[in-house]
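Trainee: Sequence:
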Amino acid sequence: MEIYELIIPKDNLLRQIKELVDFSFIYDALLANYCLDNGGNAVPPIRIFKYLLLKSIYDLSDIDLVERSKYDMSFKYFLDMAPEDEVINPSSLTKFRKLRLKDMNLLDMLIAKTVQLTLEKGIIKSKYIIMDATHTKSKYNQKTPPSSTPGTIKKTAP
1 MEIYELIIPK DNLLRQIKEL VDFSFIYDAL LANYCLDNGG NAVPPIRIFK
51 YLLLKSIYDL SDIDLVERSK YDMSFKYFLD MAPEDEVINP SSLTKFRKLR
101 LKDMNLLDML IAKTVQLTLE KGIIKSKYII MDATHTKSKY NQKTPPSSTP
151 GTIKKTAP
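In UniProt numbering, the protein residues as written are 1 to 158.
Don't read these hints as lab results, they were simulated from the structure. Don't be surprised by glycine CBs; every beta carbon is placed ideally from N, CA and C. All the given hints hold, so there is nothing to weed out.
No more than 25 Å apart at the CA atoms, straight line, and that leaves these computed lysine-lysine pairs for DSS-like:
no. : residue 1 : residue 2
1   : 98        : 55
2   : 10        : 121
3   : 18        : 70
4   : 18        : 121
5   : 55        : 70
6   : 55        : 113
7   : 70        : 10
8   : 10        : 55
9   : 18        : 113
10  : 18        : 55
11  : 55        : 121
12  : 113       : 95
Computed beta-carbon distance windows for the label pairs:
no. : residue 1 : residue 2 : range
13  : 68        : 95        : 11 to 21 Å
14  : 68        : 97        : 15 to 25 Å
15  : 2         : 63        : 25 to 35 Å
16  : 38        : 11        : 40 to 50 Å
17  : 6         : 70        : 13 to 23 Å
18  : 111       : 72        : 19 to 29 Å
19  : 10        : 99        : 34 to 44 Å
20  : 71        : 2         : 14 to 24 Å
21  : 72        : 123       : 10 to 20 Å
Could you build the full structure based on these sequences and the hints that come with them?
Mentor: Structure below.
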């Protein structure tokens, strides 16, 4: 798609990953989880995996990921979509995780393989990934159970 050659910079991370990493290993890994002769055509497994990879890279919720995919041309380029193509429904990601990634380690394995390939191609420069394990507030569950004030004792009548 020539339009992407004009609007996506050559040093864009997603462009580098797309041009240098062969994602065919995804199809091979997920082939057993697809029935090719029943029902309608599913969203290609490589595209769904790329959605999940984008979700991981940019720390987005399913809804935010799909919304950003509507207007971010680097996302559409990475997903092998034309600018005018419709994006998936966020529920497709949930169904994919539940039905196609029954083995919970499969997604981790696929992401690890992608990281390995990006290291080999020089897209990611470090061989170490540093993760901050400090306790932080979750952006997904802001409600906390009510608690009593420490050091206060309620006296009850005898």
